[in-house]
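Turn these sequences into a full structure, and let the hints steer you where they fit.
Chains as they are written, first to last, in the numbering used here: chain A, 4 to 255; chain B, 6 to 238.
Bear in mind the hints are in silico, worked out from the structure with no lab data behind them.
Heads up, a few of these hints could be off.
Stated by the list, open to error - Below 30 Å or equal to it, Euclidean Cα-Cα: the simulated DSS-like pairs (lysine-lysine) are:
| no. | chain 1 | residue 1 | chain 2 | residue 2 |
| --- | --- | --- | --- | --- |
| 1 | B | Lys-22 | A | Lys-81 |
| 2 | B | Lys-8 | B | Lys-212 |
| 3 | A | Lys-48 | B | Lys-92 |
| 4 | A | Lys-81 | B | Lys-212 |
| 5 | A | Lys-48 | B | Lys-174 |
| 6 | B | Lys-212 | A | Lys-112 |
| 7 | B | Lys-174 | A | Lys-112 |
| 8 | B | Lys-16 | A | Lys-126 |
| 9 | A | Lys-112 | B | Lys-204 |
| 10 | B | Lys-8 | A | Lys-136 |
| 11 | A | Lys-70 | B | Lys-174 |
| 12 | A | Lys-70 | B | Lys-92 |
| 13 | A | Lys-160 | B | Lys-212 |
| 14 | A | Lys-112 | B | Lys-16 |
What the hints assert, rightly or not - The following label-pair restraints were derived from C-beta to C-beta distances:
| no. | chain 1 | residue 1 | chain 2 | residue 2 | range |
| --- | --- | --- | --- | --- | --- |
| 15 | A | Asp-57 | B | Lys-13 | 34 to 44 Å |
| 16 | B | Lys-8 | A | Lys-112 | 31 to 41 Å |
| 17 | A | Asp-57 | B | Ile-130 | 34 to 44 Å |
Beta carbons are placed, not taken as given, at the ideal position from N, Cα and C, and that holds for glycine.
What follows is the residue order along each chain.
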Amino acid sequence: MISVKNISKSFENIKIIDDISAVFEKGKTNLIIGQSGSGKTVLMKCLLGLFDIDEGEILYDSQKFKKDNISMISDLRKQIGMVFQGSALFDSMSVIENIIFPLRMFSNKTDSEMIIRAREVIKRVDLKDVDHKFPSEISGGMKKRVAIARAIVLNPKYLFCDEPNSGLDPKTAIIIDKLIQEITIEYDITTVINTHDMNSVMEIGDKIIFLVEGEKIWEGTNKEILNTDDKMINDFVYSSELFKKVKLIQKK
Amino acid sequence: MIKYTFTKFTKWSVLKKLIFQEIEDLIIGSIGIVAFMSFLIGGVVAIQTALAIENPLLPGNLIGFATRQSVILEFAPTLISIIMAGKVGSYITSSIGTMRVTEQIDALEVMGINSFNYLIFPKIISLLLYPFLITLAMFLGILGGYIASVYAGFSTSFDFIQGIQLDFKVFHIIYTYIKTILFAFVLATIPSYHGFFMKGGALEVGKASNISFVWTSSVIIIINFIVTQLLLA
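Structure below.
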């Protein structure tokens, strides 16, 4: 579980995150949603310690996240897996080398043990015949799978995904969403996902936090978001013609 | 940046591989261009010296002497370093800059890896072999001068060899290596800085490489001036 209490973050005196409190629950896919520029990525980078917060506190399972406590941060980071928007695979490494990388850095496994573990996660994310290909040689969907495999190879307690299905076709996007949800349940981890994709919200939104201009204005589940009367959420959720029609049908 | 580069070291088994990789990319990968450039520069220096001293009263070994002095003191360490600022420097800036824009550096940070040490330290260590390149440049520069002046009929082989032995001062070699080590540090750090702290996208990677080259070559020229003033003046 990750708790944030009254956190704020400004850049050049402009408040990007304003007094946000939330709890991201274990074993659930916790979604941070909002329009582009609403502060989703900044909030996630604050949670990861890539940005220092100006106010408030972040707790990882009641352990306070302090950037000056280097040993604590170092231990904590080994328990964090991250799937970046653009996958962030290392260009100079093959798929299997990318997946082995965290093991090579933080475990004392032998080469053969690392390969066995890497093949386990490759199988888990349904990848085939890509071990020795380089990131530039595989598709966007495959890159996401490799990024997920790399993120889970150390059995993390926390998984962060920044727009995991951006740039993917709708079918692949749903497959990736489902994969993240299955892994969350299977590994019993705390997963935090940044997204503005409404399919993700409907499919895997166990818990949703809605941001507008850096402020949390709503919190609930994917079932609740469909029935809320909040105008801002409805404007966001039903912004596409497809979802507007869905709502009309629901009303009927 | 320098402080963080030398703290929280990456696992040695990983670092060792990175250092060897950087030696291959930065040093071995530059041998061709350094050899080509220095050989021709040495030849041009010898020809121009020969053309400038047509006076029969001047000794025949002057071409060899002037070539040696020019190549050892300036052309090999300084000119080759400026060429390397373009080749190696822009490679370092663009590779680190691309890692920055594609969030690969963020990925390292999230994993708890000191990205400064992981990315910059191997480059600094591999460029400790930079004096090897400059030694090669000195040798090939003088060889180029020898071939150009002897085979074009500007000097005899005996005169040229006598010239390169004339009034040889070991301190000049020491001076060159002092400069070379300083240039190597500049070549590793300034381009890394510009790659690491760049912001934006692919276009900015190109701009960062450009700015990095301007800064690296300018700092090399300034250091060259200061070191020459301190050690030779």
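The hints, checked one at a time:
Annotation: proposed proximity of Lys-22 (chain B) to Lys-81 (chain A) holds, straight-line Cα distance about 22 Å (limit 30 Å). Our distance criterion of 30 Å between C-alpha atoms is met by Lys-8 (chain B) and Lys-212 (chain B), whose separation comes to about 26 Å. As the CA atoms of Lys-48 (chain A) and Lys-92 (chain B) are separated by approximately 35 Å, the hinted pair breaks the 30 Å bound. For the hint linking Lys-81 (chain A) to Lys-212 (chain B), the alpha-carbon distance of about 35 Å lies beyond 30 Å, and the restraint is violated.
Distance restraint check for Lys-48 (chain A) and Lys-174 (chain B): the Cα-Cα separation of roughly 58 Å exceeds the 30 Å cut-off, and the hinted pair is therefore not satisfied. With a C-alpha separation of about 42 Å, the suggested pairing of Lys-212 (chain B) with Lys-112 (chain A) is violated against the 30 Å cut-off. As the CA atoms of Lys-174 (chain B) and Lys-112 (chain A) are separated by approximately 55 Å, the hinted pair breaks the 30 Å bound. At most 30 Å may separate the alpha-carbon atoms for a hinted pair to count; Lys-16 (chain B) and Lys-126 (chain A) meet this at roughly 28 Å.
Our distance criterion of 30 Å between C-alpha atoms is broken by Lys-112 (chain A) and Lys-204 (chain B), whose separation comes to about 37 Å. Between Lys-8 (chain B) and Lys-136 (chain A) the CA atoms are separated by roughly 36 Å; this puts the pair beyond 30 Å, and the hint is violated. Pair hint Lys-70 (chain A) plus Lys-174 (chain B) does not hold up; C-alpha atoms about 55 Å apart against a cutoff of 30 Å. For a cut-off of 30 Å, the pair hint linking Lys-70 (chain A) to Lys-92 (chain B) is broken: about 38 Å separates their Cα positions.
A C-alpha spacing of about 40 Å is found between Lys-160 (chain A) and Lys-212 (chain B), which places the hinted pair above 30 Å, so the restraint is violated. Between Lys-112 (chain A) and Lys-16 (chain B) the alpha-carbon distance is near 13 Å, which keeps this suggested pair within the 30 Å criterion. Taking the beta carbon of each, Asp-57 (chain A) and Lys-13 (chain B) are about 25 Å apart, not inside 34 to 44 Å as hinted. Look at Lys-8 (chain B) against Lys-112 (chain A): about 32 Å separates their beta carbons, and that is inside 31 to 41 Å.
Under the hint 34 to 44 Å, the C-beta atoms of Asp-57 (chain A) and Ile-130 (chain B), about 38 Å apart, fit the expected range.
When each numbered hint is compared with the structure, violations occur for hints 3, 4, 5, 6, 7, 9, 10, 11, 12, 13 and 15.
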